[in-house]
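Participant: Below, each chain spelled out in residue letters.
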Amino acid sequence: MKEGQSDTINSNSYFPYPKEWLDAESEDIAESVRKWADNEVIAKRLQFREDLEHQMRTLAILAVDIGLHRLIWPEEIGGVGFPLPDASSTLVRAYEEIGRADPGIGYISAANIALAATLLEDQGIGGEMKKKMAAAFCDSEDVELFSLILPGLGDINAKSHRIVSGREVQAELQNEGNGWILRAERARPFNSGYNASMYGVLASLPEGLGFAVIEADKKGVERGELLKTTGLSASLNSDVSLRDVRLSDDAVAFVDESFYKRLSAWMRLLTGSIAVGSAIDVYRLVKDWADNRVIKGKGLLRDNPMDAAVLAQVAMDIVNSRLLIHNLARAMAKPGVFGIGGGDDIFILSGVISVRVLDDCMHAINRAMEMMGSAGYSKEWHVEKHWRDLKTMQVYLGGRTPVEMDVARYYYGSDVL
Amino acid sequence: MIKRNPFSKKITSSPVEPYVRKIVRDWADNVVIPKRRLYDEDWAEHVIIERAITSLIAEKGFQKALFPAEFGGWNLGQSDYPATFAGWLLEEVSRADAGICMSLVLCFWPLVMITVKPHVNRRLCAEFAPLFLTDKESRFAALAMTEPQGGCDIENVDLLHGKTIKTTAVLDGDEWVINGHKLWPSNTGGLADLMGVVCTTNPGSDNDDDIAYIYVPSHLDGVTQGKPYEKAGMAADKNSDIWFEDVRVPSWYRAWGPGLDALYFREVMALGGLACQVCTGVMMNVYEILYDFCSEKTLNGRPLKEHDAIAAELSEIVAAIEVCRATAFRLAAILDRPDRYGQRWSPEIIAKARANKMFVADRCMEECERAMNIMGTYGADREWDVEKHWRDLKIVQLFEGGKQLCQMESARHFFDCATL
Ligand SMILES: Cc1cc2nc3c(=O)[nH]c(=O)nc-3n(C[C@H](O)[C@H](O)[C@H](O)COP(=O)(O)OP(=O)(O)OC[C@H]3O[C@@H](n4cnc5c(N)ncnc54)[C@H](O)[C@@H]3O)c2cc1C
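Residue numbers (our numbering), protein chains in the order written: chain A, 1 to 417; chain S, 418 to 837.
Extracted from the complex, chain S is given alone in its bound form (with noise of 0.2 Å):
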């Protein structure tokens, strides 16, 4: 066994860094991690799993952790360090399931837009923070942004203003009344509990004004959750089809109106940057697990860490969490500080935070394949949860803009690109 985890030390100079971990390290260690191996097959009925997320987002309180104190928050999204905390988290609850991960960033990405200082909205926060403080049952908040005809053109704000937007809002008296279609979203397939909805007002249109964001609980009449996907891998979230049907919610679910919704619906994109933090919490555990695989198993004879020409591949994966690592705090200590480091919405931010994100993924993707490469046979089975972690990883490479918006956002801003 491991002696000595050089990951498991704090990497920013936050004194409350070793709290937080060792809270959800334990819970890894004794809730998750002994069960992980039942997950690929619990992915429909979510049983096994459900009960992990609520242990950790109801009973330890992370469901309600962006809300303002005065709503009976934690306040995360007041304070100036939301991102850096969340980072924290997201990779400790990686290291042990990327997909529960996934639930619990659904817990904060939909709220960011009405929780997090410099808007926060307070009326809905009211409104919608009483579902959350629970701590005996998990709350599900889900983020649906993509369409059947793609997603990454709705994430593509900046070039096409929700022109391809088809999921519609209209304004009926005091109401919206929302019809549309959407794919994907994690903390779906029956879980969600509220939804931010991303609709257009006017089809077609390519101005920012027409792009609203609406929160739809989910119980109301007209919306239906599908079936959840089978996937190659994140059982542990849960994505389905939701339709809405002449939906009907009061006029003030919308965030915050014409222009502004489009404006830090592309703060929530540039969060989306922590995506970095799944990545290296995956590989800190695919880095323990080696330390144990190679200890163990011989080559010619050898243990395969006394291999020289096996050590050179284990230092490169070493040298790879180390610096994916140092990127995504820094990246994440960026979107913490937009007094110091820009708005988190402008286009600069979102660019560093494609560009950190596809760094990232593709790195920790590759390093992955490494460790299933050196262990042989034993790569491909479930028993040492490696080839679980690559299934996972691979999404987050996939989903959020997918490789190619984060490329051409990347370069659009940094060689001031002016077609892409």
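So here's chain A without its partners, still in its complex pose (with noise of 0.2 Å):
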């Protein structure tokens, strides 16, 4: 098999997207990050695999030495300085070439970016909280893994909390004395819950949202058992239970529901970003597969017309989610050139184009590992591990119910879903 060697053909460019929303600069960060793709992780997957402390290790060189997590920070805070939102093209391009990788790295590397642009994009978050996160994503020679608590299913037996978007806040925070005091009982964070280094969480207030910044060693975080989770390994997990724990004043910021739908909008750029990655290097395998695999003891894979219609769906499933997820970024950066404006329309606009996209992703995977027999199912190939991650990216993401909740809210004036 070839696996482990990179390809001589960049399939990238076989997959259309448009070129003239990306200028040089970002055309360069994503060549580093498809370097970095191929070399580091791609060239050494039979060689480490899963394998945490390699992931580890080549997540630092993207984010630190590659800079992708100082990229959007400005320059006078420490950062490279590319402007929000403009950079949501550069971003797609560099996730998915890291979504080609690992899509577990691209997950948790996502995380801490779409956190990072919500905050920065936030006017009312004041300085101090800014400055004290460009810190932690500009200056540290590590990787500072920032685990996010946000709205998601609630428990029968857990004391209710305020919903946004008909999603269950999991957290609470009270104002006491001259600080605040932050519970949640065995929340479920959206990644890294067990080995971040902080918590970014989204917590209701008495009236409206708090979001809180705090540092995983505080006393009164507890972490639940690591979980074993389909796929997306980097991202280590665990529920999270907060116990009064104390903080101070900047460590809180108020925010209201846009803060919730900014970042989530983010995060499904992102992680759409990953989707069309990973699903170009499945491509890669099921055509290296189809172009040696004879069946009927003559004919090529490829050359059946029933097998030809299936490697073509799996094709047009990423044609197809490859313009789209460009689509988005240029909506988000540009949203009068759709017609559309910011905040509401983003929302619902990232919520369907991530449904549609991860659902064809998954398809075409699904597609490719059907063409490729046991070798599809077998960890050899590791088709079945892009299959894997995206799957567990797709249910961290929600699932399709509340997306579609919130489009009916949005076009039809739908109430109480």
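Any given hint might turn out to be false.
With a straight-line Cα cutoff of 25 Å, these simulated DSS-like cross-link-like pairs (lysine-lysine) come out [said to hold, decoys possible]:
#	chain 1	residue 1	chain 2	residue 2
1	A	Lys130	A	Lys44
2	A	Lys298	S	Lys583
3	A	Lys334	A	Lys130
4	A	Lys218	A	Lys159
5	A	Lys132	A	Lys219
6	A	Lys44	S	Lys644
7	A	Lys35	A	Lys287
8	S	Lys426	S	Lys477
9	A	Lys44	A	Lys219
10	A	Lys379	A	Lys287
11	A	Lys159	S	Lys722
12	S	Lys439	S	Lys477
13	S	Lys452	S	Lys644
14	A	Lys44	A	Lys287
15	S	Lys583	A	Lys296
16	S	Lys553	A	Lys379
17	S	Lys452	S	Lys439
18	A	Lys379	S	Lys426
19	S	Lys477	S	Lys553
20	A	Lys228	S	Lys452
In case anyone wonders, no lab produced these hints; they're calculated from the structure.
Since each chain comes alone in its own frame, lean on the hints to assemble the complex.
Facilitator: And the structure:
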């Protein structure tokens, strides 16, 4: 098998995307990430498989050495200064490349960048918190891993918190004296709950919402057991309880629902890009397979019309998904070009596109596995890892129904969903 | 906890069904379900897994089920309900673990050639039954069919008639000498005690007469089982390469001889349609898990099952389970009664088996994905077991023909296609 060697043809170039939305500097960044993907991850897959240390080492190269985690922070607070929201297309290209290599690494990195983008764009969040966050992202030699605790499913036995866009907030903040108390019972983080150095928690306030940033070693932070999950092995997750965690004022920002919506949109954009990249890598693998596999004792797999139709679907799914995700990036940068506003409009568009892209990329990988028979199922070929990773990412994004409820609220004015 | 489980009731008219189901369900609930989350790490060592398998196939006696009573078996192969009986078992075992189910299936599958009426090879039954009669140790059989150049072509007997088989059997006096390389048989990686090996007596020939099905005890010189493969799921099913280097077996270890081996091998393929029950068994457990999950977890302040949009999704899942189970047991009834529905090796029955398996595997896979989607972040947790079922199910879609061979064999029969 050929896995482990980097493909001589850049399979990326087979799938069109609107290049005019990316400047030369953006393509340079994408190129650096492409090299990282090929040399640090894809070429070493058979050696390291899902080895966590290797995943963390490669994440550090990406985030710190290549500087991806500094990219969007303003220069004056230590960043590279790629302006938001225009950086959206640049980020899509970068995360496509990461997705090709390892969606798990992409996912934890994406959670961090989505958080950074949201904080930077939120005008209501004070400079102090931004500076503190910038230091975590830009000054450290290591990757400071943020774990996000966001609204999601609730539990019938737990105290019910505020509802944001139909999802249940998992934590609550209470003002006490000159600071805050943060509480949550077995909250389910979006990523890295088990090994993050910091948590970003969206919590309910008596009135409205607050966003709290806390160090993982703070008193009262209790991580549950390491969760074994289908995929995204780079994201070590666990449930997290916050037992009367005391926070100072500068660790809490008052936000509203738009904070959650913006964060969701960024997360959807980046995970969608990872999904596209992952499907592109699967395309490369299944193409390699179909180019060499003989069926019916003579013809090549790819030349059989029944199989060609399946292979075509793999490519079609990728073509569509890639165009969609680049369009979402552009809409986030320039909503006016699409005739929409920011805020809610982008939240809805990102939900619609993300559901479609994840479904289609999942479909592409499912069909590619089908073509590869038992090789698709064996760990050796790596297709199954993309399959597990994407499914995990899809469910971590919350599935389809909550997005359908958002869409119904938006397009039909449906209530109480 | 679920109070009333509609999928635990009997689905056929047999009075025996509840008893068989209960035996297996008790085993599943006590032995497998409490431990199955450990299986993914036990895939190579197979210690916890093997204990569970032994307590089913050896201690409960299933490994001798197919053999005629005169050889100490349960006579299942002589009955009018081998497929239905197997269907109950497969469903109940897969409800707990589809990988263990593969191990069980392989106790039956390679032996079908010699134990099921109308083709009972008494000499070979007498030879091999003693191996399986113990209730202390599990005995593993394997069906060695797939080769490096491809599995489907070997299964595709009606089109290729064994043309691509590379494993050779050469008659030398009163012994067959076997050479070749097989991939993937379940119950290998060191487990197999006895293998049914699909070989050719004339490489490159497309004459059914040259397809040979020969039994090879694994302890013989020249048989090597490789290290187990690491897979996406089915941790309890061990698969590996097998090499045969000048392996010698008595000439009468060939199941039936020219023409008949190919014919009954087709029947083995048709019985692969019982993979439907693997899928429905898995989905029965997904239903049970969802019942609890959707009662406990809430969306927008309401238990998931009381959220109308989620309820609609849940209804799709149970509709699929209902229909797929009906389909699966109808197929089993067809496979049980060749006198009524046609021989199991006929293109018609093979096509029906392929069509049913394809439909049921696709639907169940889709519904298992739906279950994960409903569960959100919890859908990917080992703790809830649905993700495990999802990983296991995927291969049921991919093996036994791969989807495309299923499509082709169905189309070929139902539309009289001449060139597929
Ligand atoms: C968990 C597990 C258990 C298994 N157990 C066993 C076992 O017990 N015994 C055993 O022998 N094997 C076993 N296998 C192997 C399995 O049966 C084969 O993987 C399967 O038959 C497909 O073969 P292949 O992987 O070689 O793919 P190929 O045969 O190379 O097929 C590749 C692709 O070509 C398509 N294709 C094939 N033929 C045609 C056609 N005529 N027209 C159009 N498309 C076609 C297929 O659908 C597939 O997409 C097992 C595999 C797994 C993963």
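Participant: For the pair supplied as a hint, lysine 218 of chain A and lysine 159 of chain A, confirm whether the alpha-carbon distance does not exceed 25 Å.
Facilitator: 23 Å, holds
Participant: Taking 25 Å as the top limit, are the C-alpha atoms of lysine 132 of chain A and lysine 219 of chain A close enough?
Facilitator: 20 Å, holds
Participant: Does lysine 477 of chain S lie within 25 Å of lysine 439 of chain S when you go C-alpha to C-alpha?
Facilitator: 12 Å, holds
Participant: Mind checking the alpha carbons of lysine 44 of chain A and lysine 219 of chain A for me, to see if they're no more than 25 Å apart?
Facilitator: 39 Å, violated
Participant: Do the alpha carbons of lysine 379 of chain A and lysine 426 of chain S lie within 25 Å of each other, as the hint requires?
Facilitator: 38 Å, violated
Participant: Measure nothing beyond the straight line between the CA atoms of lysine 334 of chain A and lysine 130 of chain A; if it is 25 Å or shorter, mark the hint as holding.
Facilitator: With Cα atoms ~24 Å apart, lysine 334 of chain A and lysine 130 of chain A stay inside 25 Å; holds.
Participant: Against the 25 Å threshold, does the CA-CA distance of lysine 44 of chain A and lysine 287 of chain A hold or violate the hint?
Facilitator: Roughly 20 Å separates the two Cα atoms, so the pair holds.
Participant: Decide if the proposed pair is consistent with the structure: lysine 130 of chain A and lysine 44 of chain A, CA atoms, cutoff 25 Å inclusive.
Facilitator: 37 Å, violated
Participant: Next pair to validate is lysine 44 of chain A with lysine 644 of chain S; report whether the Cα-Cα distance is within 25 Å.
Facilitator: Between lysine 44 of chain A and lysine 644 of chain S the Cα gap is close to 22 Å, so the pair holds against 25 Å.
Participant: Are the Cα positions of lysine 426 of chain S and lysine 477 of chain S separated by 25 Å at most?
Facilitator: Distance of about 22 Å is within 25 Å: holds.
Participant: What's the verdict on lysine 583 of chain S and lysine 296 of chain A, does the C-alpha distance respect the 25 Å limit or exceed it?
Facilitator: Holds: lysine 583 of chain S and lysine 296 of chain A sit about 14 Å apart, inside 25 Å.
Participant: Does lysine 287 of chain A lie within 25 Å of lysine 379 of chain A when you go C-alpha to C-alpha?
Facilitator: 18 Å, holds
Hint compliance for this structure: hints 1, 9, 16 and 18 are not met, and every other hint is.
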